[in-house]
Amino acid sequence: MQSAVVVFVMSVIVFFGVNVVGDPIDMLINPEADQEDIEIAIRALGLDKPIGEQYLFFLKNALAGNLGRSFIFGEPALQLILQRMPATMELAFAALIMAVVLGIPLGLYAGLKPESLFARTTMSVSILGFSLPTFWVGLMMIMVFAVILGWLPSTGRGELGTFMGMTSSLFTLDGLLHMLMPALNLALLKISLVIRLTRAGTREAVLQDYIKFAYAKGLKQSRVIFVHLLKNILIPVITVLGLEFGNLIAFSVVTETIFAWPGMGKLLIDSIQQLDRPVIVAYLILIVLIFVALNLIVDIAYSILDPRVRLGDRKA
Amino acid sequence: MHRVRMVFAAVVAVLLTSTTPILAKSATIALASEPTSIDPHFHNLSPNNALARHIFDRLVHPDSNQKLTPGLAVSWKPVDSTTWEFKLRKGVKWHDGSPFTADDVVFTFGRAVSVPNSPSGFGTYIKGKTAVKIDDHTVHIKTAKPYPLVPNDISTFSIISKKHGESGKTADYNSGKAAIGTGPYKYKQYVPGDRFVFVRNESYWGDKPQWDELTFKPIKSSPSRVAAMLAGDVDMIAQVPTIDIERLKKEPKLSLSQGVSNRVIYLHLDHDRDNSPFVKANDGSDIKNPLKDLRVRKAISMAINRDAIVERVMEGVAIKAGQLLPAGFFGISSKLKPVSYDPAGAKKLLAEAGLKDGFKLTIHGPNDRYINDAKIAEAIAQMLTRIGIKTEVVTMPRSVYFKRASRGGPNKTPEFSFILVGWGAGSGEASSPLKSLIHTYDKSHGFGASNRGRYSNTAVDKLIEDALATVDDAKRQDMLAKATEIAINDGAIIPLHYQVNTWATRKGLKYDARTDEYTLGMGLVSE
Chain Z
1 MQSAVVVFVM
11 SVIVFFGVNV
21 VGDPIDMLIN
31 PEADQEDIEI
41 AIRALGLDKP
51 IGEQYLFFLK
61 NALAGNLGRS
71 FIFGEPALQL
81 ILQRMPATME
91 LAFAALIMAV
101 VLGIPLGLYA
111 GLKPESLFAR
121 TTMSVSILGF
131 SLPTFWVGLM
141 MIMVFAVILG
151 WLPSTGRGEL
161 GTFMGMTSSL
171 FTLDGLLHML
181 MPALNLALLK
191 ISLVIRLTRA
201 GTREAVLQDY
211 IKFAYAKGLK
221 QSRVIFVHLL
231 KNILIPVITV
241 LGLEFGNLIA
251 FSVVTETIFA
261 WPGMGKLLID
271 SIQQLDRPVI
281 VAYLILIVLI
291 FVALNLIVDI
301 AYSILDPRVR
311 LGDRKA
Chain X
1 MHRVRMVFAA
11 VVAVLLTSTT
21 PILAKSATIA
31 LASEPTSIDP
41 HFHNLSPNNA
51 LARHIFDRLV
61 HPDSNQKLTP
71 GLAVSWKPVD
81 STTWEFKLRK
91 GVKWHDGSPF
101 TADDVVFTFG
111 RAVSVPNSPS
121 GFGTYIKGKT
131 AVKIDDHTVH
141 IKTAKPYPLV
151 PNDISTFSII
161 SKKHGESGKT
171 ADYNSGKAAI
181 GTGPYKYKQY
191 VPGDRFVFVR
201 NESYWGDKPQ
211 WDELTFKPIK
221 SSPSRVAAML
231 AGDVDMIAQV
241 PTIDIERLKK
251 EPKLSLSQGV
261 SNRVIYLHLD
271 HDRDNSPFVK
281 ANDGSDIKNP
291 LKDLRVRKAI
301 SMAINRDAIV
311 ERVMEGVAIK
321 AGQLLPAGFF
331 GISSKLKPVS
341 YDPAGAKKLL
351 AEAGLKDGFK
361 LTIHGPNDRY
371 INDAKIAEAI
381 AQMLTRIGIK
391 TEVVTMPRSV
401 YFKRASRGGP
411 NKTPEFSFIL
421 VGWGAGSGEA
431 SSPLKSLIHT
441 YDKSHGFGAS
451 NRGRYSNTAV
461 DKLIEDALAT
471 VDDAKRQDML
481 AKATEIAIND
491 GAIIPLHYQV
501 NTWATRKGLK
511 YDARTDEYTL
521 GMGLVSE
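Going down the list, the sequences are from chains Z and X.
Anchor point for the first sequence: position 216 equals 216 in my numbering, and the numbering is continuous, going up by one each time.
Anchor point for the second sequence: position 335 equals 335 in my numbering, and the numbering is continuous, going up by one each time.
Chain X extracted, bound-state conformation (with noise of 0.2 Å):
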């Protein structure tokens, strides 16, 4: 008995000894969503282009909040007004041991939109950019007009080898051969669906990340992601689910990091047709689409309890939207607020408009796209309903949504009258939301792709404009905060609320939350 018990306890001493030191230097981060290439130009999604910061790195960071930090680049001004000349780091090496030079960036300026069979590239940032290399350690940018938002278009792809990128197919991105990068982590193995393992590169010019060997695992089904951390068997998780949040709270061998995210989830009104498809008197006959009147679309923001969806739908996990992105962020307007919930003077609004009774409508959103879409949608059409706003709710999977919701009707117009959406800033700043939603819709010249109202000012219009040809910052942001001013006021989208981001982690360590929504496995750090 006494011997049985000794040898017990030395298997456990061994145990003991052989897996902490391990568990100490190696995380497993559970994702929400699966990366689908190693290939860092292959697809330009946020789940790629999270995985692609451990292996590569860009020439520009952003950094948590989005503000643009020195990446490969260790400066960057105009010299002219359609020259941009950014100063290479020296010394920088290849996860080969090559050096990293100009001639990499000239290079993947070419590749970043051109990969084969990739379902998006990078080519909206790229296009109307030329770089083109003075020495080994400077590279200018050159627009054909002026162009203020070069370095944060260029914060947005990764920089590659040139050695291994001219035969690289994505395929050999995935196997690791052509997968060298300058960034803080070197490939170590791709198992589809299955894992993502880095190991540290241990010649990084930038700060060395905490972990010797990073394992990302996607868990795409909420209720088991969460599983996982509460079993012990991942060391951080993506996308906590709003409902669990509280639950959490109270583990006490886990801790939350939240922070708010670049994305603003919003209400879209039909401002084009004269006849909405949606919107119907309350005897169910054609109207006058009542949207097009100021007056009505005031009355739907202030109807709406932007308090209660806050704490009752989304559990106090976000935070009340005023404009187009939270404070912070470059070319937000200091004077807009939330608009308060007032549902009298909502009521007599509509009484002036000549609709003391109301109408009927229909809100459309999506079911699976943003944190509790199909519940805020709920939540809005009572709200509107209380009013006297007879609103129906329909929504569904994103997959059909967005086609209908962006080119559904005749002529590939949008199809519906009034939608829940959400608009995440890439750039980190206000005029990436004003040129996609606000922006009179302008096919030949790439503005308003994502104007699903159809809202148009021409003031507005040559406001944002003007502010992508203005290099000078501080007369930029003037500009922005002017035209989102104008257009919130004028009710061209109904801000919601900003969505906040909630990572789950073991006690003891920390996650820098960031605005982009990554996961990145430098932001955890022992606490």
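Extracted from the complex, chain Z is given alone in its bound form (with noise of 0.2 Å):
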């Protein structure tokens, strides 16, 4: 219900807000036209007609399931980005994965053992992460690793593969090497704040009474730091990942425009750039749909890992 609400409010907001910044029709149209013809343009594309009527005929629509058609491509705008929606999930999902993979761990050694070499490094490195723009470290990615050393490619999606009836660049080897790069330049962050909330529970949580009661029950480290410690430090790491999950789908806009990856945050600043308002609209109002999805996801892994935590207690 207040999700309804939320989505309904957005699309007001995106559609007004968008509705007034210049005007589509000087993007469309060849400049050789003449005046009929711009007329005729901004008839067939429903323009010439008060915004607000514009709004009742799109929420119309949209109620139907329809979020308007794309002028520059003349196809259903939810179409277009469910169809470049693959392409940006897999970057997501990999980046996620990285994040996760690289971020817990060395989070938990800088933690535990915080005073040393190893553990500075990391530290340090994981705040050039968060401080380095993503389109310098984009572009530097490519030249060293495209340009000079000639590992990867440049740009582009590669090879597609099928696995358990999912398409994706994934399943083949020429894929990976072209996600490598954008992959890693969308977590690099991720990693860093995997790093640092990792770390900063891990700290919090040696020094209290159940860590030192299970080593004191005679518990081998590795189950201590496993299953007690971990299962209590990765509540606020899931919360962070989950959304920034949304934000790697929603706005990897960035990435996807320097390594050419033909994902959806490419279509959303192509769009922008062109005034393809209804595209525009469609996908600020299915990402708001994504991120309360998140959420209840989000809400869910709590209910798993802390007893204390279950959805019927929510409520109340």
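Honestly, the hints are just simulated from the structure, not real lab data.
Model, not experiment: these values are computed from the prediction.
Honestly, I wouldn't trust all of these hints.
To be verified - The calculated lysine-lysine pairs, modelled on DSSO-like cross-linking and capped at a C-alpha distance of 27 Å, are: (1) X:K403 - Z:K49; (2) X:K142 - X:K162; (3) X:K67 - X:K443; (4) Z:K49 - X:K443.
Stated by the list, open to error - Across the chosen pairs, the derived CB separations fall in these ranges: (5) Z:Q79 - X:A474: 45 to 55 Å; (6) X:K77 - Z:I148: 53 to 63 Å; (7) Z:D48 - X:A327: 51 to 61 Å; (8) X:K507 - Z:M143: 53 to 63 Å; (9) X:G176 - Z:V125: 25 to 35 Å; (10) Z:V21 - X:G97: 46 to 56 Å; (11) Z:G161 - X:G176: 16 to 26 Å; (12) X:V394 - Z:I148: 37 to 47 Å; (13) Z:I148 - X:A327: 34 to 44 Å; (14) Z:L207 - X:V394: 50 to 60 Å; (15) X:S114 - Z:Q79: 18 to 28 Å; (16) X:K356 - Z:V20: 36 to 46 Å.
Said to hold, decoys possible - Under 10 Å between C-beta atoms, here's a sample of chain X residues computed to sit facing chain Z: (17) V191; (18) K217; (19) P223; (20) D368; (21) A405; (22) S406; (23) S450; (24) R454.
In this text, a Cβ means the ideal position worked out from N, Cα and C, and glycines have one as well.
Combine both chains into one complex, guided by the hints.
As structure tokens, then:
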């Protein structure tokens, strides 16, 4: 219910916001067209009607599942977005895996042995991960690994493979090679974030009584760390990762543009530049839905990790 | 150890033998802007029109200098004042093997203006013309009034097969089902946002292109495009940024191909309003619009150091302009030369106009439309400030700019007073800019659609209209040249420079640079 209100409010803001900026006609029409042709094009796109009427028309169609047609491609906006979604999903997924697989062990180590040289180095490098702009890191990666060393392809999505009914570039070597740089570029900030969160959580937890008690009970160190400690520090990490995953899907605009990755983020930025209003509106509404869904998943993950949180209780 | 080395050598050998021949026969080209469809009539914009040239032919093919050459029509001539006869090429086959006839041409005239959901079609070039089949290989194109540009207009759109076009929707072209042309390449694959793949049409009627397979990849981000070229992932890139040209020239693995384009970058000034919103007196109060004074317009033109713009801002990659189209195009004047830099003369003219202390002006321009557009505006502002016209610069994204420049003011009039714009002559001759930029704004007749300065001169209007009704080439050339001379000498617009486009290719290849800025696989050849 709440979500429905959010989506509705969002649609109003986005629709009117997008409609006050510029005029898509100038982006669409051939410059040699005369006044008559321009007017025909304006009418064909329904841009001659007052904006309130345009919104009602949009709303009526949206309730029937039709979020409008792209001005630029002439195809349903939703279809365009969904067409590009797998490319973005696989990139976001790969980045998330990197964040977890690299971030949690490094963070744990840094939290358990904060004074060691390796931990200090990790923490310093993670500051770079936060502070360097994504586009710069991306371009540097291309320069080093593609142009100078020639190890990796510079841009684009690789060959697609099919595995268990899913088609993705995760399943071919060429695909993985193409994905390595953009995924790492996208993951860099998230890895740093996870390292810092895990380290902070670990340092706090090791001082607590239940950890001391577990050691006192004579449990093996590995069991204390990977069962008792990890389970407790994962809750903030999962909350943040859940939301960050949403960001990875929705706004990987910079990475996708630099690596010419044919995903949703690139579609969004292209649509904004060319004022393809229906696509912008459909995109943002879809993103709101994704975030609402992710929040739900995060809540469920809590309840699995922390027995004190049960879905039923949260109603109260 | 020895064995390991032998295995390694074998692997290398296999890799070399298996990859080298493929590399030699296929080419990958990175584009700066992405075509939005395979349907040749869906969207009348350069990236789409260029892409369509691979699968489809036109009746008349503009060559790399936009000179008209035979395409699917072998010859054309006016048979009376309102009828043009086109003789079609015999023995041409569609990609599915069916023969090409006059029916396809007549059908195309209907479809190219009526594609559902099309953002802008070919109505501009087709309206007022009817195609009539005379026999299987002769078509008459009739116009209501005598009209000389029939072959130019016809050269803008692709001819499609009636058989596939009748039921073919845009989606069927994108999926390849209806993408059956007569062109040098056949459709193989289209992944939106990622790639277009074509294979050579072995039974093409014309010159066979060099590449068995062509892949186009849109890489919008300029640094990434250059990096892809440097990494050797692509064989050619379009639109090399001017800032990288010096560096790429030194790169041993690459070569550059350059050519002047049909695009002139110019300044438009407010000729219309007595109180122009972005022209003020030195103290900020309203003044009578000085841009309406020819002496002031001349002073502005003389204050601009075109050599400096070309050398510094454009890194040498532009040609200074004195009229609407560069040398070699039809309808240009042989008398007009770029105005020379003369700040002292400009100051003198300002003083004569009673503006010894100058005035305040704002120049508006886009920042993502033309090569280095915002930097040019800044340079001009500095040059004008030097002669006393204190000029501020405001630049904005084209999505906002063009609306405001064309109709952002009251009653949908142009909002700005002094703007930086560019014009590419799609028809490849001078009537295109004259008709749209210089002719008096006249909605009912379709003149002056981009006349954002609202320049108006009845003598020029008459010459343009007469030229557009004169079929005789020599007479029309004179009229267009005369109209250009009057308009430019009257300061209708102030031309700055012609853009030069740069493509980068792998060493050993070269690109036949085109004035229409198209990037075509057919133009990429071994040296």
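Going through the hints against the structure:
Of the pairs offered as hints, the one joining K403 (chain X) and K49 (chain Z) holds, with about 17 Å between alpha carbons and a cut-off of 27 Å not exceeded. Taking the CA atoms of K142 (chain X) and K162 (chain X), the gap is about 21 Å. The hint holds against a cut of 27 Å. Restraint check for K67 (chain X) and K443 (chain X): the C-alpha separation of about 30 Å exceeds 27 Å, so the hint is violated. In summary, the hint linking K49 (chain Z) to K443 (chain X) is supported, as the alpha carbons are separated by about 21 Å, within the 27 Å threshold.
Evaluation of the 45 to 55 Å hint for Q79 (chain Z) and A474 (chain X) yields a pass: the beta carbon distance comes to about 54 Å. The hint said 53 to 63 Å for the Cβ distance between K77 (chain X) and I148 (chain Z), and at roughly 59 Å that hint holds. Checked against the hint of 51 to 61 Å, the pair D48 (chain Z) and A327 (chain X) fails, with Cβ atoms roughly 43 Å apart. A hinted range of 53 to 63 Å for the beta carbons of K507 (chain X) and M143 (chain Z) is inconsistent with their spacing of about 20 Å.
As the Cβ distance of G176 (chain X) to V125 (chain Z) is approximately 48 Å, the hint placing it in 25 to 35 Å is violated. A C-beta distance of roughly 50 Å is found between V21 (chain Z) and G97 (chain X), which places it inside the suggested range of 46 to 56 Å. With their beta carbons about 22 Å apart, G161 (chain Z) and G176 (chain X) fall inside the hinted range of 16 to 26 Å. Against the hinted window of 37 to 47 Å, the Cβ-Cβ separation of V394 (chain X) and I148 (chain Z) comes to about 40 Å, which satisfies the hint.
The given range of 34 to 44 Å is respected by I148 (chain Z) and A327 (chain X), whose C-beta atoms sit roughly 42 Å from each other. Judged by the Cβ atoms, the range 50 to 60 Å given for L207 (chain Z) and V394 (chain X) holds: they are separated by roughly 59 Å. Checking the proposed 18 to 28 Å range against S114 (chain X) and Q79 (chain Z) shows it holds: the Cβ atoms sit about 23 Å from each other. Distance hint check for K356 (chain X) and V20 (chain Z): the Cβ-Cβ separation is about 43 Å, which falls inside the suggested range of 36 to 46 Å.
Of the supplied interface hints, the one on V191 (chain X) holds, with its beta-carbon coming within about 7 Å of a beta-carbon of chain Z, less than 10 Å. Checking K217 (chain X) against chain Z: minimum C-beta separation of about 6 Å stays under 10 Å; hint holds. Taking 10 Å as the C-beta cut-off, the interface hint given for P223 (chain X) holds, the closest approach to chain Z being about 5 Å. Taking 10 Å as the C-beta cut-off, the interface hint given for D368 (chain X) holds, the closest approach to chain Z being about 8 Å.
With its C-beta approaching chain Z no nearer than about 9 Å, A405 (chain X) sits inside the 10 Å limit, and its interface hint holds. Among the interface hints, the one on S406 (chain X) holds; its C-beta lies about 7 Å from the nearest C-beta in chain Z, closer than the 10 Å criterion. Interface hint status for S450 (chain X): upheld, as the beta-carbon distance to the closest one in chain Z is roughly 7 Å, under 10 Å. The criterion of a C-beta within 10 Å of any C-beta in chain Z is not met by R454 (chain X), whose closest approach is roughly 14 Å, and the hint is violated.
Taken one by one, the earlier hints fail for this structure at numbers 3, 7, 8, 9 and 24, listed in ascending order.
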